[in-house]
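Asker: Taken in sequence, the protein lines are chains W and P. In terms of our numbering, the first sequence opens at residue 1 and continues consecutively. In terms of our numbering, the second sequence opens at residue 1001 and continues consecutively.
Source of the hints: derived by calculation from the structure; they are not laboratory data. Given the structure is predicted, the values throughout are model-derived calculations rather than measurements. We put the beta carbon where it would ideally sit given N, CA and C, even for glycine. Any given hint could turn out to be false.
What the hints assert, rightly or not - Where chain P lies over chain W, by a calculated footprint (3+ residues, C-beta under 8 Å):
| id | region |
| --- | --- |
| 1 | 101–108 |
| 2 | 121–130 |
To be verified - In silico lysine-lysine, BS3-like type, Cα no more than 25 Å apart, as pairs:
| id | chain 1 | residue 1 | chain 2 | residue 2 |
| --- | --- | --- | --- | --- |
| 3 | W | 118 | P | 1102 |
| 4 | P | 1170 | P | 1159 |
| 5 | P | 1118 | W | 140 |
| 6 | W | 102 | P | 1118 |
| 7 | W | 118 | P | 1118 |
| 8 | P | 1170 | P | 1036 |
| 9 | P | 1140 | W | 130 |
| 10 | P | 1085 | W | 130 |
| 11 | P | 1170 | W | 140 |
| 12 | W | 130 | P | 1170 |
| 13 | W | 85 | P | 1085 |
| 14 | W | 130 | P | 1118 |
| 15 | P | 1005 | W | 140 |
| 16 | W | 4 | P | 1140 |
| 17 | P | 1140 | W | 5 |
| 18 | P | 1085 | P | 1004 |
| 19 | W | 140 | P | 1130 |
| 20 | W | 130 | W | 140 |
| 21 | P | 1130 | W | 118 |
| 22 | P | 1130 | W | 5 |
| 23 | P | 1170 | P | 1085 |
| 24 | P | 1005 | W | 130 |
| 25 | W | 4 | P | 1130 |
There are 2 protein chains.
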Amino acid sequence: MPEKKILFLDMDDVMADAGQGILDIYNAHFKTNHTKESLAQNTLWEEEIGANYLSVRNQLHNPGFFRNLAVKDDAIEVVRELNEKYNVYIASAAMEFPNSLKEKHEWLEEHFPFIHWKNMILCGDKSILKGDILIDDHLKNLSVFDGQTLLFDAIHNVKTEGHQRVHNWKEVADVLL
Amino acid sequence: MPEKKILFLDMDDVMADAGQGILDIYNAHFKTNHTKESLAQNTLWEEEIGANYLSVRNQLHNPGFFRNLAVKDDAIEVVRELNEKYNVYIASAAMEFPNSLKEKHEWLEEHFPFIHWKNMILCGDKSILKGDILIDDHLKNLSVFDGQTLLFDAIHNVKTEGHQRVHNWKEVADVLL
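Using the sequences and the hints given, assemble the complete structure.
Answerer: Here is the structure:
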């Protein structure tokens, strides 16, 4: 049997719904009512909201932010299947947020208990990853990866091009399973 | 100017004196007086102490263990110079110890403030590292690395062969600077 391919999965906005957590912070601060659904229809995030958001981005340091993020739809089921076919590693660029490190470990243990701690990577940038496939929502991560790339759709990457886009975990399953 | 080579540095028993921390736990529990100096002269660690130590290894989960480790002699000065010549990343297999994640981040910020958070990697196994050089004290990490390897001498690797051995940071400087 050939060796399993190495598949890296990003956490925020791929496995975990960081976008909703960020919108919650944004809406509370700016007294707005944006939703991911309304923002998915336009480039408002990339043209305006994303820049405004930087002024409240320090709230991501608050204890509990990463620990309490919701799991993206169908992620658990699809990752469980991927974990059979591939050598799955979770690769999160988390070092900017020291509080997030243990929280991300706990979050994975709670929601994805079938992922062994040996297969968790918390890093600063992803240029040092050696493997076959990377699923990520950020162009900066995909563009430095040597293997196959999938861009996971998010409100901040509506205009990103050059990588195969998947809109949800069902589409990931269609491509990789 | 050619791009800088990527150099991965392990933390425990390379930058941080985990061996002394572990011996302190061992000596306190078994009422012994082993020192790294005495153990460096023989294979007692590999033949006896290492196995006994497993029974108290759970103490590495105690808060503060990794945060309070001493820095190895000359590490700060040599890593500072290496950081000029190479693209230095710190790569620690820390995921087994969730408490260690933030502690290792803090330890690096205190002792090696010139290392940017983008260049810190906390992982489970090191087979996923893509770079040019790895300095590590464990054969299991060196043996899955594609590039140049340096084995950092430690009481638990006296018998390890197959990789260029360095006994201290001055020898690292001789090889890489």
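Asker: Now tell me, hint by hint, if it's right for this structure.
Answerer: Here is what the structure says about each hint:
1. A stretch counts as covered by a chain when three or more of its residues have a beta carbon under 8 Å from one of that chain; for the region 101–108 of chain W and chain P the count is 4, and the coverage holds.
2. As drawn, the region 121–130 of chain W meets chain P at 9 residues by the rule of a beta-carbon pair under 8 Å; at three or more, the given contact holds.
3. With a CA separation close to 17 Å, the supplied pair residue 118 of chain W and residue 1102 of chain P stays within the 25 Å bound.
4. With a C-alpha separation of about 22 Å, the suggested pair residue 1170 of chain P and residue 1159 of chain P falls inside the 25 Å cut-off, and the hint holds.
5. Annotation: proposed proximity of residue 1118 of chain P to residue 140 of chain W holds, straight-line Cα distance about 13 Å (limit 25 Å).
6. Distance restraint check for residue 102 of chain W and residue 1118 of chain P: the Cα-Cα separation of roughly 17 Å lies within the 25 Å cut-off, and the hinted pair is therefore satisfied.
7. A hinted pair counts as satisfied when its Cα atoms are at most 25 Å apart, and residue 118 of chain W with residue 1118 of chain P qualifies at roughly 21 Å.
8. At roughly 18 Å between alpha-carbon atoms, residue 1170 of chain P and residue 1036 of chain P fall within 25 Å of each other, so this suggested pair holds.
9. With a C-alpha separation of about 17 Å, the suggested pairing of residue 1140 of chain P with residue 130 of chain W holds against the 25 Å cut-off.
10. With a C-alpha separation of about 23 Å, the suggested pair residue 1085 of chain P and residue 130 of chain W falls inside the 25 Å cut-off, and the hint holds.
11. Among the hinted pairs, residue 1170 of chain P with residue 140 of chain W is inconsistent with the structure: their alpha-carbon atoms are about 37 Å apart, more than 25 Å.
12. Distance check on the hinted pair: residue 130 of chain W and residue 1170 of chain P sit about 30 Å apart at the alpha-carbon level, beyond 25 Å; violated.
13. The suggested pairing of residue 85 of chain W with residue 1085 of chain P is violated, with an alpha-carbon distance near 41 Å, which exceeds 25 Å.
14. Straight-line distance between C-alpha atoms of residue 130 of chain W and residue 1118 of chain P comes to about 17 Å, which keeps the hinted pair within the 25 Å bound.
15. In summary, the hint linking residue 1005 of chain P to residue 140 of chain W is supported, as the alpha carbons are separated by about 20 Å, within the 25 Å threshold.
16. Only pairs whose Cα atoms come within 25 Å are accepted, and residue 4 of chain W paired with residue 1140 of chain P is accepted, the gap being roughly 19 Å.
17. Between residue 1140 of chain P and residue 5 of chain W the alpha-carbon distance is near 20 Å, which keeps this suggested pair within the 25 Å criterion.
18. A C-alpha spacing of about 7 Å is found between residue 1085 of chain P and residue 1004 of chain P, which places the hinted pair at or below 25 Å, so the restraint holds.
19. Taking the CA atoms of residue 140 of chain W and residue 1130 of chain P, the gap is near 17 Å; set against the 25 Å cutoff, the hint holds.
20. Restraint check for residue 130 of chain W and residue 140 of chain W: the C-alpha separation of about 16 Å stays at or below 25 Å, so the hint holds.
21. Proposed proximity of residue 1130 of chain P and residue 118 of chain W is supported: the alpha carbons are some 17 Å apart, at most 25 Å.
22. Between residue 1130 of chain P and residue 5 of chain W, the direct Cα distance comes to roughly 16 Å. Compliance with the 25 Å bound is thereby established for this hinted pair.
23. The straight-line distance between the Cα atoms of residue 1170 of chain P and residue 1085 of chain P is roughly 16 Å, inside the 25 Å bound, and the hint therefore holds.
24. Under the criterion of a C-alpha separation no larger than 25 Å, the hint pairing residue 1005 of chain P with residue 130 of chain W is consistent with the structure, at around 16 Å.
25. For the proposed pair residue 4 of chain W and residue 1130 of chain P, the alpha carbon gap of about 18 Å is at most 25 Å, so the pair holds.
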